[in-house]
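Asks: Take a look at the letters that make up each chain.
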Amino acid sequence: MLSPTSLDRSLPLKRHLKQGRYGTVSADGPGVRLSVRHPLAIATIIARKGQEDKMSALLETHYGIAAPQPGRMVKGKELVLQWCGADQYFAITEGRGEGALYEDLRSCLQGSASVSDQSHGRVVIEVSGHKARALLTKGSAVDFHPREFPLEAAAMTQMAHIGVHVTRTAEDSFELSLFRGFSEHFWEWLTEQAQEFGYEVV
Amino acid sequence: MSGHRLSQGGLIDRSAPLKFTFDGKPYQGFRGDTLASAILANGVSLVGRSFKYHRPRGIMTASSAEPNALVELREGARTEPNTRMTMVELYDGLIAKSQNRWPSLNFDIGSINQLASPIFVAGFYYKTFMWPKAFWEKLYEPMIRRAAGLGRATHEPDPDRYEKAYAHCDVLVIGAGPAGLSAAVTAGRAGARVLLADEGPVLGGSLLYENEEIDATSGSDWAQEVVAELVSLRDVTLMPRTTVFGWYDDNIFGAVERVADHKMVPGPHEPRQRYWRILAKRAILATGAEERALVFGGNDRPGVMLASAVRSYVNRYAVSPGRTAIVFTNNASGYRTSRDLRSKGIRVAAVMDSRKDAPKLDSGGAPIVAGAVITRVEGGRDIERVAFERGRGQERLECDFVAMSGGFNPNVHLACHRGAKPEWKEDIQAFSAPRNGSRFVAVGAANGSMLISQCLREGAEAGAQAANEAGFRSKAAPTPLTKDESYNIKPLWWVKEGSSKAFVDFQNDVTAKDILLTVQEGYRHVELTKRYTTLGMATDGGRMSGINGSGIVAEATGKSIAEVGTTTFRPYYTPVSFGVIAGPFKGHHFQPVRQTPLHEWAEENGAVFVETGLWMRSSWFPRKGESDWLESVIREVKATRESVGLCDVSTLGKIDIQGSDAAEFLNRVYCNGWNTLEVGKARYGLMLREDGIVFDDGTTSRLGEDHFFMTTTTANAARVMSHLEFCHQALWPDLDVQYVSVTEQWAQMAVAGPMARRSLQKICENVELNDQTFPYLAAKEIKILGGVTARLFRISFSGEHAYELSVPADYGNMTARALMHAGREFGITPYGVEALSVMRIEKGHVAGGELNGTTTATDLGLERMMSKKKDYIGRMMAQREEMTRKDREMVVGIRPVNQNDRLRAGAHILSKGDAASMENDQGYVSSVAFSPMLGRWVGLALCKRGRERHGEIVQLFDGVYGVHLEAELCDPVHYDKENRKLYA
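As given, the protein sequences belong to chains B and U, one line each in that order. For the record, in the first sequence the residue sitting at position 122 is 122 according to the working numbering, with numbers rising by one throughout. For the record, in the second sequence the residue sitting at position 515 is 515 according to the working numbering, with numbers rising by one throughout.
Calculated from the structure, these hints are not laboratory results. No residue lacks a Cβ here, since even glycine has one placed at the ideal position from N, Cα and C. A portion of the hints provided could be inaccurate.
Here are the simulated DSS-like pairs of lysine-lysine, each with C-alpha atoms no more than 27 angstroms apart in a straight line [what the hints assert, rightly or not]:
1. B:131 x U:281
2. B:49 x U:870
3. U:869 x U:886
4. B:131 x U:869
Covered by chain U, per the in silico footprint, the following chain B stretches (three or more residues, Cβ under 8 angstroms) [to be verified]:
5. 72–83
6. 184–196
Chain U with its partners taken away, still in its complex shape (with noise of 0.2 angstroms):
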């Protein structure tokens, strides 16, 4: 084969030269030119190897279905494997290089792979598990791994950005062909919001490169003159180079745009591809049809290629594939390319139709031989000769490229994404698209209309019941004159004669013979023969070979391919990358980061902070000198157990309750009682799930007859919300009760310590703090540092003599900084959640930890709060047999024997004397803290029948860290069990 671009048209500016190289030669191309064109311009007819055996491949198709021209397209970070060369724009500076071959394209060890074809059948790769099991991973695995592949991905990060967005519109169509400009200007007349999404660059599809006349103007005039006017309406949308990949519930589509795919580097602030999803009133299918390879010997070497390739070569870039052609054909369409070839000067030894009683068509004065089959494609390095069968033995026939048609697939893939399987179509022997009734329609090719008029027409009609049925007022426009080519066919699946392998799935190497052995085999089924032979699960999607597979299965089976049917059609269309998936929501972007209003305080401070759940906390705040976290830690605990310490705690949760029933729904969603809470007072409060199981915990405040200010976990804040709407909505709508989210109007901040009261005594403007004015659980409004409202809370969860203070957020900051002030005299110190943590462990207060999801409020030693005087949700569940067994595991406190052991949470619990086994399991370590105020380890647990044992030595054994110790059961409250501090 010797391609050469060709004197004179083609839709390419030859002004416009184009530097690339291709594994690292240089060559030229021209503006307009797919990197496809541009290399068969060059004379290259070898760009591939394939996937199992690495038989040279060349260019197959000029579309998106391409499965043999993938190669990987840039450099370093940017190196993209598998790209589709008949997808690729060509850019002056591009370069290109073929994968799967070593050492080079020309000369590849991997091809004796096809010497030991025998071993890579169908089925090949699960058969290779029936062999002893040694050969599996030293022998089979790695030749397999080896032998099989793609392009290599690169390790950097991508450094192109990738975006998201929405896009709205009455009518989506999709394809900018004959039938889906029709479409999209009648539904744009009539002043639709229309959006027009075609895969290529230039809108027009076929009309590009077919020889079509339609209202006396050339086909690719008449898409211009469309694409003017759609582009002169108000509310229509051209989106070339976008890919509709995805059909999905309620109307939504799936696109990616390639927004800078086809330069070099995106422009500045540009990304490389845009996700989009599209919401569309009505939909339409405009995607045309591929056409058909046939399976034949040696179809899949370089100089074979889809007949309307041909013409789109020839026509659209102006490019030949070779000097002489011979056309193998079951269609009209074979017949079209040799006018086409003919027109342009180039020779055309022989149409070559199967069907013996092929009804006469103008070949454009080349030889037709009727009957015939082509049984193998002959030659070196490149074509030489074909061999054909007509009945009279093995006839030769000299030529350097083969153009071949077995028909056409509609491209129905979308119209099939939400599980309706596409309809075979006798007259065009083809499945087309099902219908889905008249929010998604196809037209045209896609819907199995062959013929121009047919295109334009449909899409008219299309567009204008669409445009009518989103609200405008439509009517379809006279169909245009053209003149139509009739269409028929006769199937051919596979030429039988013949022995040299016939490819059905070109990527895969899946060969007629693969499937006729897995029918054999007992895999007749068409999705089994798919997975056995891996037909169709390639990155074309199964494109180019999934129609054939199904012909080849029905006539093994004795079915007809109606019958037989195709594989599932799923999303994507074609391959689209993970940076688009992605978008711009990676590395820092993955997930939301919450800031609290004491950041820039705790920044001051110089806290390290760590991320829970979206929230940055302040985890601890290093002082020079300090050697590591537990160093600062332990400082920051004898600080505030000794003086006084000054804790963020916005995260918490807050809502605001009011409404006449607020105190009504509290009883129902806690388990302990509301009703008796008095105005300015707050109560701890532990929530169950409807299961039994506890839920959530914090303390609520009264600050009125019918207002409450509700704190849930960090954890919890969003869940406890979304569960009161649900208890209030679809349990009780007949509440009075009004809720919604205060968690970020107020910072938050614990003030714990012997000297909390006289620190913030001294920012308070009308309250004297004193137990008969402020007791242990007060809650009221107080005004500080000069007027701001702020809310106060005598609570603890360190066990000190301990207020929470709120305050808007915009004064958190300075308030917070008041309050460092005001303690200064008693060295006043900040501490993070793990000072927070050790002191409530210190204290055994349950949570996370043991807030598992997993315990009842006996289980913690929280019986005492299920009230026996109301319902409430999760009463009933509690008490089932398994939740009130006696045995269950139960909060315990822990301390190792050895006063100098470190407890690790996590470590598993056993009685003295058992083995290290699951049936010997007693439960295991919840929480762990160094306790600054005992100078030891101690711990929570969660253990069996925990609050009959304490006193008891048990084993902790932790496989994990190697651990093996001796520990001590005891009351969970390590510190201070009289709770002196807390009333002091």
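Just chain B, same shape as in the assembly (with noise of 0.2 angstroms):
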């Protein structure tokens, strides 16, 4: 029980993840393709007071990306940034080691912001396919028309009265991060509403 390799981080969602494909499937495959993204590195930096261009120019030299504009998310080669609220944005990578990425900011930030690790607080929730804008217009008030909610877009809103932190991450495909103790309840639902494009969870 006490081996290194209990170290490995639970799933939130694992008892829901069962690979497969569920709903009306059409011939043409399903309409919806869900994943949980896991583990990740998540940490949120909020800007200290006036210091926001010196954060984003900390940032854009650590990581060779600046802070995103309100409402957008930019992705750099090993970290992407996402806003998420006033001076607020999340920092997401992969394959970090426990809380590297927390420290990682905290030291080249400098002060400039207040970092908080939300590694483990949220789940991220990949849904793509033909019929994922169709699927996401069901939660939320969101318009995720490509003229209104182009590539790299990013917003918080409501899917079933839980907040969600939505992100365009390609054409038909978004992710959505919401706090770890909805997610059983939001998968459900998410899955319920899917049903109908026929859904797969790779």
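Relying on the hints, combine the two individually framed chains into one complex.
Replies: What follows is the structure in structure tokens.
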């Protein structure tokens, strides 16, 4: 029990993530594909008072990307920054050790921003496929038309009474990030809504 | 009346016959029929009984405004009462039943209500209140309940799914008739995102049944071409079977899409209906106009129909309502109907035009009787003749159905949902849509434009303007060539000649005379008339009756109808099912459920869960052989107090607070001070509301010079977060402080009891736990289990030597299991919120029962926490006279005098010898628990001057449980008063 391998992080949605196809899958395949990105390193970055520019410059120096504009996200080589509120961002990366991103950000931002580790607090669900937009339309008041919510757009919204952060990662691909405690309930709602399009859990 | 199917024509598919039953009798119709058209084609004219008088009723309209033809559709759990036959698309196997009749539709005992009709005059319901009280309960109420009524709802759960969805568009077009199609295609061609909604299954509106010619093709062909073009446009969405029911702030519209109502059972995974919220940059009202009934004797009999409905049945469904028609009209619509009937070979005995100076119009060869009004419709079960007057005394003429037209009422309802009143238009004698600015404009008949050319032109212009305003470049195409039929009208609000009942509101059985009586009795305002008579309060929302009602009120009060106006139009435009309003959020999905990161561990240990707010919390952990929760809880408390217990406290709100002004921020939001808190230490904090009442409490730790970790109560977590946001953004934006919820990042567990330290030590990596390295209120980051970063706090809610350990959530279950393993030799015991609560009551710690939004810090015995050295939220208001009154209810301990008595929360406290009355009330018991350590019930109470009264014997009175016992007020700390265990 105390062996190092037990340090594997447990996946919040594991009892629901059964690979397969569900609902009304038509001949040309499921309308929606669902998967969970895990494990991820996630941190909230909030600029300190009057230090927004300094923070952005330091991000650019260290990660090659400046803080995105409101309602946008930006992809770097090793880091993604997503706007999630006034002067607030999610920094997301994969394949880092426990707490490494948090420590990194704290040291490189040199007090220009407050950093909080959220790696375990949020669950990120990938929704893709030609019915992905139609699916999200059933839950969120955000306009997901590509003119209004183009590639790399980001928004805070609500779906099924749950706060969700949405980003568009490709033409027909979105990421939904929400508090982990809601994830089972949200998954049940999401998959129920996806049944008419047919969905595949990847 | 002998309705029948015409041998040809109509937009029905004669190759697709469909079977259905009505009141158990089998019939046949075709694909494309409505239930109404199919039943008419089968020669059935009587389909229901009226609400009050149980009069026989037939089908009056071909639209969603149908007041009479309400049936119970489907069976079992899918039973749907009060369904309008005109809105039901026929499907194979359809089952419908008539309603409000007993024992049968043809022989209905309730129809004797007609004989008692003097009782049922306007305001009858209110008048019954004036008679002896005993009459109300015993006679009137049961009688009215039995007599009045519509269909009956099922008690079975609805087996179908309902959904909600959002839509966004540049231009929303409501109604797909000539004006709506013209608007949609114009805006769509410009590239605008267009949403075209229509309540019918086929787009086309009046073009589906009117004989129109547009650009040398028939109206319905033109509509099909336009629809085909709309389908080809990428950003145009067509929404047939969708009723836009309401217009709300910021140009948001509500709509219901009947996804599968036209099927026996929805397809697999298909919702029955979908509730849309449509956010429209611009919207166009193209809802057309509803024909107005005429008010004359017997106008409610089966076989009396709107003239436009007759055209709809004849032209669109190839059904004639009978063999011989009489048309009664005050405008051009009657002539059009006469022509259409004649062209199908159906006899028209006469067109009776109420206008003496009626313009010469083409009736298709039928005789025209000018200046004539029908006074009475006569016959047995079927109509046989009408009695009419044209100034030569009463005359009679035979027919078996009547087509009537009193003009047209533009469907303006949506345009009035945000408060604007419709505008009277003298030329069409109708109320037309008000001006609401360019975000929502009315076109075509909804705008009072009665000519087909006007509809097409206004639609195109509005479509172009809306697209332009939404940022596209659009220009209206030239209006297609049409043959306009002139429209003129002379109002006829009711036919005063004749004595038989002339109905204004068919569904609620309100007659013209009811309205006159109402005006006589003083209810002269149209809104009062409505409420007194129930005019316009039926499921048709007054669409058939409202304007005629206003007309009659105008005549009776000597005002103009423009002065009288209309009643207020509110959503919903047509009835909306509760199922679709609830959507998917019912049962288990009514509200979200939150699970803690230790849920799996709790399940493994057999937890019984309880919903606290949205959270599922482990309540207690029953073991084999335990008979009830109390037994488990007693064991859990004893194990914890005697050795060690483990409790999931992850639901506490956790807020990460950073910034150079973080300490100052805390100083202002908490009533106690924070400047002196050392790094690595935790402190209990008390937060007041602005009004000086206690808001929340919790421990906050200093992790770094400018880094704090705040915890809140589970219940107030979100509220505290919003409070912090408000304080920072609105009160002190100058502070450099950042805060974010990290509730879900951390799994948090309390490890409590004399063996807590030894259990915990086994999983710690880099720290030796003792009173020097980890004294009471220490708060430090440590490593556990070979490298997991954790936060350890030596704090205690139980009064034991205790810790709270936070680990990143994904490690929660693993850590709890490791602790169980580590504490096995000490008999470590999981405990739930029940045991947690018992221990805090034993220790006199306040919680929800005492932090109830009415208590001050002093009331709670926490006055020493209120700093005198600084300002904070609530300081000033907490000093008000009322808040510092000496006889306020204060927290006190309470225990029954008789050791075996049980305490109950909520019991009132009375001084010894006082009677149980409000004047003598001294307070109440706020929290109770059976104390396993003391072997008796103990509690906390809020009692007047409680702190001065320790030792006093009082009475407890609980009227709900019938409890009356003696109890002693005492120190709230029932157990370990010296706090020896905390520091042990």
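Asks: Would you pick out the hints that fail for this structure and give their numbers low to high?
Replies: 4 and 5
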